[in-house]
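> Build out the structure end to end from the sequences listed, making use of the hints.
These protein sequence lines map, in sequence, to chains A and B. Residues 1 to 586 (my numbering) make up the first sequence, in order. Residues 1001 to 1682 (my numbering) make up the second sequence, in order.
You may find that some hints are simply not true.
Stated by the list, open to error - Calculated lysine-lysine pairs in the DSS-like style (CA-CA distance at most 27 angstroms, straight line):
1. K1466/B <-> K1281/B
2. K203/A <-> K1466/B
3. K203/A <-> K1406/B
4. K79/A <-> K312/A
5. K1466/B <-> K1672/B
6. K1281/B <-> K1034/B
Unchecked claim - Just so you have them, the derived chain A footprint on chain B, three or more residues with Cβ under 8 angstroms:
7. 1108 to 1121
8. 1544 to 1554
Worth flagging that the hints you see were computed from the coordinates, not collected in a lab. Glycine included, C-beta positions come from ideal geometry on N, C-alpha and C.
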Amino acid sequence: LPAVDVVRMEIIRNLMVSATGEMADTLVRTAYSSLLYDDKDFGAAIMSASGDMWAETPGVIVFSRTFPGIVRAGIARWKGRFSEGDVLVANDPFDTGTHISDTSIYMPVFVEGQLVAFCGMAAHWADVGGKAAGGWCPDTTDMFQEGLCFRHQKIIEAGTLNQGLWDLIADNVRVPVTVHGDLQAQIAACARGADRVRTACAKYGRQTVLAAMDRIIHMTDLSMRAAIGSLPDGEYSGSIRLDEDGVNPHGDFLACLRVTICGERVIFSTRGSAPVARGPVNLPEPCTRGILASSLKGILMPFDATNEGHTKCLEFDIPSPSILSPPRPAPTDSYGYLVVCLMELMFRCFAKIVPHRCPAGGYQLSGATISRTEEQGDHPFVMIDTTHGGNGALFNHDGITNQLVGNGDLPTVPTEVLETRYPVRIDCIEYAPEVGGAGKFRGGMGVRKDLRLIENGCFLVYNIENTKDPTAVGVDGGSTALPGYAVLNPDTPSRRIFNRAAPTIGPLPGGTVFRIVTGGGGGWGIPFDRDPLAVLADVRDEFLDPQRAEELYGVAVVRIVNGWDLDTRRTQQLRAQQVTMSSFKH
Amino acid sequence: MSAEPHIRMAVDVGGTFIDFVLVDERTGEVRIEKIPSLPDSLAEQFVTGISSFGIETGEIRQIFHGMTVAVNALIQERGARVGLITTRGFRDVLEMGRGGRSPVYDFVWRGPPPIVPRYLRREICERITFRGEVITPVDLEDVDRAADYLVSQGVEAISVVFLHAYANSTHEVQARSRLISRHPNIPVSVSHEIACVWREYERASTTALNSFLQPTVSSYLEKLLQNLSAARCVAPIAIMQSNGGVASAQTASKKPIRTVMSGPAGGVIGARTLCQRLEFKNVICTDVGGTTYDVAIIEDGRIIERSDTHIAGRPIAGSLIDVTSVGAGGGSIAWLDHREGLQVGPQSAGATPGPVCFSRGGTQPTTTDAHLVLGQLDPDYFLGGRMRLDVSAATTAIERIGQGLKLDTLAAAHGIVSIAESNMANAIRSKTVARGLDPRDFVMLAYGGGGGLFACAVADELSIRKVIIPPAPANFSAWGILTSDYVEDEVRTRVLPFALEHMDEVLEVLLELQSRTVASIRGYGFEEQGIEVVWRLDLRFSGQEYTLTIDLDSQSRDRAAMIDRGRTLFVDQHRRLYGHGDAETPIELVSLRCRAIGHIQVPPLAGPRRGVAPRENRQRLVHFNGSGRSLMTQIMQRDALQPGMRVEGPVIVEEWTTTTVIPPRWNVTADKFGSLIIEPTT
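Written out as structure tokens, the structure is:
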């Protein structure tokens, strides 16, 4: 490969990053499913001819490391037999690492007859068939129950559409118009990326582009090693246990992580984790690796455009089979809980090393899927509600609320859009401050959302995890937050509270209200060290009542005309008592 | 007794300077001035600048004003104490936002604090559905209680945002009348008037920000009018809005949120006017300042707009010119990243400390230093000789960065300029190639202080075949403001199938929007017959979320023809942008838009600045990128280029505040309006 000057190298790198941005933009602008245009549950990437990542634009970072593996599996599957105009489809969890609903479309890019790159667009499909509408089924026992599986089939072969496969998809999903629309959007996105790669090769020469990207990856690798080398050597470990796997009431669902830093090496070990679960909480090995790598990249180099160089120096020790490396065809549809657990374990380990780069523990995912597959004058629908919860506090600031934990840019769907699209009405969406963890800096709060069904015959699926061993632990004396829950018909005598996942609720009559309360984030630092003025503001804002202010924070407030004020003397007394009591304990 | 008012004036306030452009309608003379802008005394400097022309204030007929008061208030978060009234169950929407974050790997990210704290957000019993049906009537006594509470908390402005108010505004209207009758001194903003579109968070943010700005902007404008009237100037003032049109000071006081992108709009409007005259329909507008490179697109004679933006992390809904800014300008700093890669910007040395060569304490090399080292800038003729540049300091700074890259000083300087240029070209690609437009079908208009330095190289990178440098490029934005029309926009979200049976409703809404916008323009003294009306629809394939905006003939009442034409335009545009689009798939209407335009008389272009000493044409050694060598290059004064004259590159054209580089294999001619036309030599 030719030598490339530093200036040209930087220009080519920028071109690739902006090309993936255009791919993501194309998807968002043409997609049919709100999971893509509003939630941004997708990832766009450009890879080398051998699958090394050149650039990406993530919606959620869980997709970042899936593409290199997918492309490598595709190369093996086709023994390198690709032609110009091929478009491939893959969603096998054991290639992609995520659940079967996340379907990747990728396209080889040719210049002067030579394969130079792959452009890929991963997206969560609104449905892939399977026993649960919309995916994320809580009680499958093998992958075949989870939906249609694609293993690098060419949906377009040398420019010709594979009509049989196209129709097969439509005939096997619950919302064919949406899925076909999203699939078209993914293909358009790949075509956009391919176009930009070809333009770059035409301008700078194919060999120069390849040499530049090789060099970029090499230089990134060196700087990642240097970043790891600057951390103190040591071993850090933690574990989190899931409540259940949806199938086996007697199983143990433990995820363990040990991080060893030694010079410029970092070794991730998951030894001690539970065996493969019978239910769908297993996390395929590519994602176990991927999420650890992406978390480290975010902790050490959050603003650097990602490429293969960020992961080259990482070492893994992931025993197989285990819950973090299940064999095909183990069920994996609810894989996301362990993704969150691994990210939380990374934060727990690295909060001790780089506290300014890691939040305290955040809420575990929860969500509801509402669907009606019978025709009822109106079209059938699948509505996946993503209500976010509280993130952990930072070492210098309160945690944020209504943000997907750790994983990225997933905006929620506006009420006005939701009500226009689906037969539901939102009665309220508001903070649930009582679930957040207290602290010198408090954790993010939960969100309370009341969904009212306005049609007969709808079904509900509710998902929740880590109610016993919470992810949202506090740091440095901060309190651990409460997990989320749901209530069917709250504020009525017939109310039903859900503290664990419920596979199918229904059919439900119109007028039913389903309340979702998401979990909070853990606090950072001892609550009695919280600035009394911050506590006063929380009382004023009705995040905290005066009694809780005294109990949790040792801060006394009094009513004054038009508001609240601090009772400084009583606050001093309360805080002095606390100091006395804690010194007795020791 | 002075003569009949015959002078029109534009005053464009920027971060560093206030630009003035004066047009004498009797003589056609155009004059320009520039004075430093001091944020705390803008209203005073406004009058000082006007007096510096030495005219009688009674001669002024009209003043157009591009202002930064609103955008600065948003960025510095200095505004009113606002109270917000919402539908029961939804007061937290404003603070919760949408839950996304764009730096996805930043695990310690947090958004801006809410513009209205929770205790100043009150809920009212009322509910309307997405179809506009009332489920729960508005409880006006609830409104009274909320208002009394907010006033007792000292709010200075109140916003009302009810769910689905875009579909039915009755409750907001009722609440407002109740608020005004109870607390007549508190300004009230209602969401359906400020942004009549769906998505409650974005609408609430826009409305609350409008309230936040209202007292600041109206007191600035009041003070300005007082100062002007003290100087015996009674000419009406019109304010530049983000949508590229002007509105009265009164409208700007009520809807200040519409003025936040007032700054970059002037140049784009000027570009459209100039290119209409030059008969170019497709134009890439590039404005190079000290910190940013701003790109806007004119396609087929129309400025491309967008329907929302973000400022300081907060969304604002409303039509505005689609301007993309990247951190690449004259002050952009060159640095080495952790990968030992060369980066330029987005950090800027600004005016203080400025580039190293300004000798004001800057130590980090900038693109201006690189241009100086390459010989493209004359150290003795910066700002027409007002400022002397330090070549050796610039050379030392660039030499130092070159050492880290194992590049000699000239190669490092070339590298800095090339990377800035490639960032600029990527910004243009994101607005053209990414939209299915081919940059080769466009001309590039370059203005702002640094426009002429980068234009040819960026054009070359994109294979653009024609570059235009307007007269007085550094004051071009102010001139552009003078060419803006009076514009009034209205929008209404109405989600319906785009089909014949709904066209009566579509026409009804459009005609209602039309009567409102036309009435506003008539309020400025325009005759109804002269007012141009534009109808646009936001359409999508049923099932999609994002829309494309297409034009609808505002004269036609043939419903079937309107559907056919709308469908064709939409499908064609979708195919061009995204490569697919089925002509048979059902289409859905989301928003209806109406714009009324009162056209003003376009002024002549600015001539050369008076009072700048003419200079001899000379030669000096200049280094050009790509050619790999240094060439003895002719240095010309812009005045010396007579219309029709053609000069082959390499040549450098100098004028007050701007230098234009014409590299080898390009040539320059001056046209009859005084613009430089630069083209590759074939």
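> It remains to establish, for every hint, whether it holds in the given structure.
Hint check results:
1. K1466/B <-> K1281/B: holds (13 angstroms)
2. K203/A <-> K1466/B: holds (20 angstroms)
3. K203/A <-> K1406/B: Measuring from Cα to Cα gives roughly 25 angstroms; hence the hint holds.
4. K79/A <-> K312/A: holds (24 angstroms)
5. K1466/B <-> K1672/B: Judged against 27 angstroms, a Cα distance of about 17 angstroms means the pair holds.
6. K1281/B <-> K1034/B: violated (31 angstroms)
7. 1108 to 1121: Check passed, 7 qualifying residues.
8. 1544 to 1554: holds (count 3)
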